[in-house]
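Just so you know, the protein sequences line up as chains A and B, in that order. Numbered by my numbering, the letters in the first sequence go through residues 1 to 329 in order. Numbered by my numbering, the letters in the second sequence go through residues 1 to 329 in order.
The reader is advised that the hints may include incorrect statements.
Chain copies aren't distinguished; within one or between two, either way the pair holds.
[Stated by the list, open to error] Listed next, the in silico EDC-like pairs over lysine to aspartate or glutamate satisfying Cα-Cα at most 20 Å (straight line):
(1) K227 to E5
(2) K316 to D2
(3) K138 to E39
(4) K227 to E3
(5) K316 to D254
(6) K316 to E260
(7) K227 to D2
(8) K316 to D97
(9) K138 to E260
(10) K138 to D231
(11) K227 to D284
(12) K227 to D146
(13) K138 to D310
(14) K316 to D239
(15) K227 to D310
(16) K316 to D181
(17) K316 to D62
(18) K138 to D57
Hints in this document: simulated from the structure, not taken from any laboratory.
Number of protein chains: 2
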Amino acid sequence: MDEFELIQRYFVWPEATANPAVVLSVGDDAALLSLPAGEQLVVSSDTLVSGRHFFADADAFDIGHKALAVNLSDLAAMAAKPVAFTLSLTLPAFDADWLTGFAEGMRSLAQQHNIALVGGDTTRGPLAIGITVMGSVKSDRVLRRDRLQVGDVLVVSGQVGDGGFGLAVANQHPLALTLSDDQQQAVLMRLHRPQPRVALGLALPAMANAGMDVSDGLLQDLQHMLKASGDLSAQLLLDQLPLSSAAQTLLNSDPRFVLEQALSAGDDYELLFAIPTSALPVLDQLSQQLNLPLTVIGQVMQTTQQPTLDLIWQGKPWPYPLPLGYRHF
Amino acid sequence: MDEFELIQRYFVWPEATANPAVVLSVGDDAALLSLPAGEQLVVSSDTLVSGRHFFADADAFDIGHKALAVNLSDLAAMAAKPVAFTLSLTLPAFDADWLTGFAEGMRSLAQQHNIALVGGDTTRGPLAIGITVMGSVKSDRVLRRDRLQVGDVLVVSGQVGDGGFGLAVANQHPLALTLSDDQQQAVLMRLHRPQPRVALGLALPAMANAGMDVSDGLLQDLQHMLKASGDLSAQLLLDQLPLSSAAQTLLNSDPRFVLEQALSAGDDYELLFAIPTSALPVLDQLSQQLNLPLTVIGQVMQTTQQPTLDLIWQGKPWPYPLPLGYRHF
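Hey, can you work out the whole structure from these sequences and the hints?
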């Protein structure tokens, strides 16, 4: 099977050309897209490499889902509407079962978010999935990370730490193995099939000053926001962190382990954003409307001398050093 | 060095934010681009994997140049103006010299074509370079491959086959080694530093009905055009193929080897396009203006029963079977 046949069989999806933004999809030298008048283009690329971003023996459906999900999460973090994506797939060998599962995982998520696969390439080599995702946004509705304001409250969606707990289960960490089977399955699901918060992202510019997604760990990502916003400081209330039932089960026996996952493990793909206190009532409405927890976890502070990030736990400073999160290289 | 430092040091280029289309470059969850009003977005992705698309010990500057060049060639083939690109770089290890050379090769070509590097990621793994390139085009000025008309003459830019000769030199093919040192250097240069025909592409919609770039071999690429245009047929006059001095040197001793490179080797990155005969006088003007040979090599024919691709050599059908060109998977 050559590249053209492979693409035709697994990656030419009729719904792509039904998307009104898609003028030309797979088949020419490039794809052609038409954005709504007055909207800007949001672009992000993320590559997942076997053995680094997922286990080599991971389920193909999950790999397809996750590769697109982490890219959609970047669009969500900019408050962009998904439009189209390209896929660069490097495969060690032709494997029909694997390709079927991979394409299904990717396609079902693409359909949920009405994003069209419009191009890319396949080549032979160690398994890697490169995706470039494109979205559109009105220029005055972009959610940037460098617009934090002193006094803003910090909010995170969903629950944090489950990506880390999922990895701990997969790595047979003794503490993670004390979780019930259901809890283990739940955190593995969160690791393998993260749900990009696209609807939340689209709603945020009406209330939020700044936002980003939590992919490298809450602490590291928050530090990026504080730095980009002019070296601001912040206080995090660790007792407020929204934890899953699995995390809560472990909290009494090993709070340090639990909070390290919540603060420093990557792979959560929740949104972290900042709103003025005046927007708190709207936050509750939005949470109900989306059926998604939106939890205040801290506040942006004026920097006095050096920028600081204070972690408060049970009324006192958190006593342990914390790893900064996932470092890519 | 972590990913953020690496990107900051090698891949944040001040000229990117000077590009008026770039609203936000590297640093947020995604880049933000503003296209000229009324223009459509052209998108293409191409990944180069070490050991398949370039030699593992190839010069880093050349790898950086070529990875961007092959993507720019896809924009040229759509008649699109380059705007921005993302880079997904997978590296086996941190190597400052290699990264410096690679970034310089990519950056100098990017500057020539005023295209901004606006995002991407780096990760550890076997060397691979994934690029997604974006351009803009007025909707009535797109150069598509599926618009060939019966009677159109087929034109190719520059010279064809040198990518194949370069590979033959690199592989120490006995015939290629009979070339002079200068000729060997010239074809290697064509292999390692192809020049995307961006200016030609932008000029073509005024005269051409259809076009594409020659990346997988002239024969295979022409067949894709004929098929996409409704199973048309064509005649190629092999005596007309524009050959470099290196190719001409070998033509008498082994015409079969020479024409196989010209017709079936990939990696030329010239444009193949079709114009009505009425446009032939304008073709000469354009060739002079761009200082680039534009050579008529055949004609599009009506299909009578089955689509055919007739190869004529010295007044007779070409007697040898020809490989179809580079097959990616």
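- Hint numbers not upheld by this structure, sorted from lowest to highest: Structure breaks hints 2, 8, 9, 10, 11, 13, 16, 17 and 18.
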